[in-house]
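Here are the chains, one letter per residue:
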Amino acid sequence: MKLEETRVCILRVGGTNCDIETREAFQKSGAKAEIVHFNQLVKQQSLLDFNVLVIPGGFSYGDYVRAGAIWAKMLIAKLGNDIKRFVEEERPILGICNGFQVLVEAGLLPLFDGISPFPEAALGTNIPTGYNCRWVYLKHINHGSCIFTHKIPQNLVVRIPVAHSEGRFMFGNGKEEKCLEKLLENDQLVFRYCNPSGKFASGEYPTNPNGAFFDIAGICDPSGKILGLMPHPERSFFNWQRPDWTGEGSLCVHSDGKLIFDSVVEYLGRRT
Amino acid sequence: MLYQALVKIHLKPGHSDPEGEMTARALKELLYPVKSVRVNKNYIILLESKSKSMAEARVEDMCKRLLANPTKDEYAIQVEKAR
Amino acid sequence: MMPLNSAQPIQEVEIISANDIELQKISKGLSLGLNQKEMEAVKRYFSQRRRNPTVVELQTIGQTWSEHCFHKTFKGSVITKKGKIQNLFKTYIAKATDELNLPWCISVFEDNAGIISFHEKFGIAAKVETHNHPSAIEPFGGAATGVGGVIRDILGVWADPIACTDVLGFGPLNYDHNKLPRGIKHPKYLFRGIVDGIGCYGNNMGIPTVNGAIYFDDSYVGNVTVYCGCVGLIPMDKFARNARPGDTILLAGGKTGRDGIHGVTFASAELTEKSEQIARPAVQIANPIEEEKLRRGILKIRDNELASGITDLGGGGLSSAVGEMAYRFKCGAHIQLHRIPLKHDDLAPWEIYISESQERMLLLVPNSSLADVLKIFGEEEVEATPIGKLTDDKILRINYADFEAAHLDIDFLFSPPRTERVARWNQPKSVEPIFPEPSDLNPYVLKLLSSPNIASKEKVVRTYDHEVKGSTVIKPLHGDFGGPNDAAIIKPLQDQWKGVVISCGFNPSYGRVDPYWMAASAIDEAIRNNSAVGGRRIALLDNFVWGSPEKPDRMGSLLRACEACYKFAKEFETPFISGKDSLYNESPLGPVTPSLLITAIGIIPDIRKSVSIDLKMFDNLIYVVGQSFAELGGSEYARLKKHEDGFVPKVRVPQAKYAMEGIVNAIDNDLVRACHDLSEGGLAIAAAEMAISSNLGLELRLNNIACAESVRRKDYLLFSESNSRFLVEVPMGKAPEFSRIMKKVPHSIIGKVTKDPHFCIYGLRNEIVIDLKVDELRRAWKSGLEQQYET
Chain G
17 MKLEETRVCI LRVGGTNCDI ETREAFQKSG AKAEIVHFNQ LVKQQSLLDF
67 NVLVIPGGFS YGDYVRAGAI WAKMLIAKLG NDIKRFVEEE RPILGICNGF
117 QVLVEAGLLP LFDGISPFPE AALGTNIPTG YNCRWVYLKH INHGSCIFTH
167 KIPQNLVVRI PVAHSEGRFM FGNGKEEKCL EKLLENDQLV FRYCNPSGKF
217 ASGEYPTNPN GAFFDIAGIC DPSGKILGLM PHPERSFFNW QRPDWTGEGS
267 LCVHSDGKLI FDSVVEYLGR RT
Chain A
3 MLYQALVKIH LKPGHSDPEG EMTARALKEL LYPVKSVRVN KNYIILLESK
53 SKSMAEARVE DMCKRLLANP TKDEYAIQVE KAR
Chain S
-15 MMPLNSAQPI QEVEIISAND IELQKISKGL SLGLNQKEME AVKRYFSQRR
35 RNPTVVELQT IGQTWSEHCF HKTFKGSVIT KKGKIQNLFK TYIAKATDEL
85 NLPWCISVFE DNAGIISFHE KFGIAAKVET HNHPSAIEPF GGAATGVGGV
135 IRDILGVWAD PIACTDVLGF GPLNYDHNKL PRGIKHPKYL FRGIVDGIGC
185 YGNNMGIPTV NGAIYFDDSY VGNVTVYCGC VGLIPMDKFA RNARPGDTIL
235 LAGGKTGRDG IHGVTFASAE LTEKSEQIAR PAVQIANPIE EEKLRRGILK
285 IRDNELASGI TDLGGGGLSS AVGEMAYRFK CGAHIQLHRI PLKHDDLAPW
335 EIYISESQER MLLLVPNSSL ADVLKIFGEE EVEATPIGKL TDDKILRINY
385 ADFEAAHLDI DFLFSPPRTE RVARWNQPKS VEPIFPEPSD LNPYVLKLLS
435 SPNIASKEKV VRTYDHEVKG STVIKPLHGD FGGPNDAAII KPLQDQWKGV
485 VISCGFNPSY GRVDPYWMAA SAIDEAIRNN SAVGGRRIAL LDNFVWGSPE
535 KPDRMGSLLR ACEACYKFAK EFETPFISGK DSLYNESPLG PVTPSLLITA
585 IGIIPDIRKS VSIDLKMFDN LIYVVGQSFA ELGGSEYARL KKHEDGFVPK
635 VRVPQAKYAM EGIVNAIDND LVRACHDLSE GGLAIAAAEM AISSNLGLEL
685 RLNNIACAES VRRKDYLLFS ESNSRFLVEV PMGKAPEFSR IMKKVPHSII
735 GKVTKDPHFC IYGLRNEIVI DLKVDELRRA WKSGLEQQYE T
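For the record, the sequence lines run as chains G, A and S.
Numbering (the numbering used here) for the first sequence: 17 to 288.
Numbering (the numbering used here) for the second sequence: 3 to 85.
Numbering (the numbering used here) for the third sequence: -15 to 775.
So here's chain G without its partners, still in its complex pose (with noise of 0.2 Å):
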């Protein structure tokens, strides 16, 4: 199969907005890239016929309940079985934002021992409390097994911003020590909140944005085929759009965010 033959979904229901500058992203980066209702998927199209199954961002379904989770269970209840080829074949899932606690509600995220029918972790309400939208700067951490990051050097610092209210990723009470020696050892962590130099935010407002446990901003499954993340790579994607861009004297013409969409774009280029 060739690069140019393959397709990423980007899916959206009501209340997805980040869709069109997320393919946007993919396209710039070299994929072809649709956006694809939801019910459309369920009734005409078959979501084996894509090769990247992206969730971005937004409010799906009013994000009632809890962010995420109605997408979550309508995805694992229409399209269950068609996800569960999906991630056995490892093709790479994407979720971004409301994507990431969609990944999570699904049971699809850590995805420790296979889909979970219950959520192992959860995107809990931010501390402090509220919606917040800011640059923050990450740090790569994965040793190589995301397929999403290959392309960014480990212990690099990226500038990325988030914009939610309900990004506090954690564990359950108790588990937390377990879970994490879990994601370490499957080099599960990809992204931790950090300040400009990389040291760690150790949970410090406001360099990790929403009070995350470990400052835990992206973390994907063993297979490195499916990343979750808060921070929106799509809106870090050409340099006009960091925040101070003016700045920076020379323009090179690109910001880190698009690392991500490279690197899956140069994955699918290689199996090819």
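Certain hints may be false.
Label-pair distances were calculated between CB atoms; the ranges are [what the hints assert, rightly or not]: (1) S:ARG166 x A:MET56: 49 to 55 Å; (2) S:GLU365 x A:ALA78: 29 to 35 Å; (3) G:TYR221 x A:PRO15: 38 to 44 Å.
Calculated from the structure, these hints are not laboratory results.
Fair warning: this is a prediction, and the values are worked out from it, not measured in the lab.
Every residue, glycine too, gets a C-beta built ideally from N, C-alpha and C.
Place chains A and S on chain G using the hints.
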């Protein structure tokens, strides 16, 4: 038979409740002598079922599947015949 | 409210035989909001037809003739000492636009939003609304539906919303609870609810909220002020406005309920202690996800050219939307009320017709494409219902099942009796505040930085998603320090470098002294904010928030402001393209301070040239552009000194125009590294904000300020708020070229950027006047709002 279930979802003890803290602050601003607030979410569900125990089982399933995230939430269910 | 009688749902009202007192009783009893003259016109109309009106008809007339829907004050006549003015709107606001007659104004004052050209076939639509009364009663819902409403105005001209703006006016957050009259909510409570409401709607819909302001003033305690704006992008070749008799009237979106009944009559009256109980049903419930789906459907219908007309349902609900559509297309309309999907099935016909339930749009669809339109809405899970048809007879006919609920001439509906207002204006005597110059001015810089109108609004701005869509080039918060950029720039087209520049001007504290110069200053501020980042070819939107027009002094000050609007829009060559007025902002604490919000929409040919607020490089020169005067009236410094009046800043055209044009010219020629306009707090605060936004310092000299010989006091030079001025960072080598470009405007080098983050200002005899660390400035500026909030 029609049953009415009252489902209460609340955070497990030990999890901080920023929404509750924020609400407490707002109430204090309105000059109420509030010490603390915990937020819980209630769902009132009308469902058909053959018996009360079967209704309870179905609602419990709903909680596990959608209404609660076991990582952070607890739930309580009360089922009675709908009037 | 009248209970619904299912056997005879259409009630008639005895009006033909009613005397004056009874007419007023009817108007009050049905909350029609119609005055004696208007009720008499209604009586005359039905007497001629030898029948009594139905409740549906009376309510339809009440809604259509309300201040909110018809703007009768602006369209009516005004009696002044000098004579009668026929139409405020045409005499002042629209006149500037007409006389300028600029080719890039595509559609002005015509539709739900003004439209200007942008790039090739693309136009930019803009609209700003107020939602004060609903927000005073229920802050979250009121503000959220304010945003939802203005977004629908943009959808109502087939445009895709690309950015939101909001300007809020509150009473002081530390206002004494005991001084609050009954029925008025504490500013803190309103603040939290309104900010949450605004964030909720924009964030949920995925539209970035990129520009705005928060202003604190005692008069807002009883009259909280909420402006919501929206900007949209529209391919003009898809702008369908060609409906014909026979086209289907399609209602799309949420169901119709009792929410928001009599919202417009409520908005066109003063708030009283009882407003809360009466008005609760007038508050609408927001459902942004519904509107998001509606947006998707509408844009698809637009792109496939399936409809012939569109409008939003806002104030007055169906009654206003249907009437306006029929009137615009010179048609009649026949509506089947019983077809409208309801939230509760006990709604009376008149309630259905005037309900202001949110997230609804009205489309006109030729029969040949109706099936396609319904299919598109179906795919987006949006309910859409044909509720009637346009007819060729200019009559509004409404049926409720087999009953006739209304039969009105459209022309009658749109020719209410002309309102007549009386205006009186006494020019206030301006005396310059007299107080000795403080010996140490350092504390004043810090106090001003932390004062509510100047302090950082970061806490609020971060709760608005200003990055969604990934097109925000110049952001409301700049860099890690959250610098307060003068305007926002959006890059709406993927493969074009052209940008939309959005800014505002708002100076209510000048309004207390002189509404004429307040309006002039707001126009100047909006334009200079736009220019400071590189914006040009500017269009303006006007939004008046005023007290009751039935009181001659309020009317007098409104007239003053209108005069300034005409003069300065004309002289700056910045046409008004859209506007809205909210009158009757009166509470038991008195009227609102005359408040005119000016929103400016400019363009920048290449966003890569845009300029931000933060200092870039040490040793670069700092210029002040524009002339400084001793103008402290209504200034933040005067407020701190407890002096309310004095000379408010004037606007001096053409000099002001040269300053704006010069800045843009210099930006185009790559001479400007950073730029910031001088506004609240004057030169000292503008300079401080530039330093706060960066890691660098400033060293400035007051005796180098151009053409300020008449001003001999250091505090005046530091804090005067004279208009049309900028601080500009220019690299040393570019100084000669910069001076050449600025030759028509007073300008001078007043210092330089320093590596050391220190803020140092020398006085008229080269003595040190201000000596502060930038960290101290930043702390004061960032903690100001919170300090207010915590006390």
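Each hint tested on the structure:
no. : hint                           : result
1   : S:ARG166 x A:MET56: 49 to 55 Å : holds, 53 Å
2   : S:GLU365 x A:ALA78: 29 to 35 Å : holds, 33 Å
3   : G:TYR221 x A:PRO15: 38 to 44 Å : violated, 24 Å
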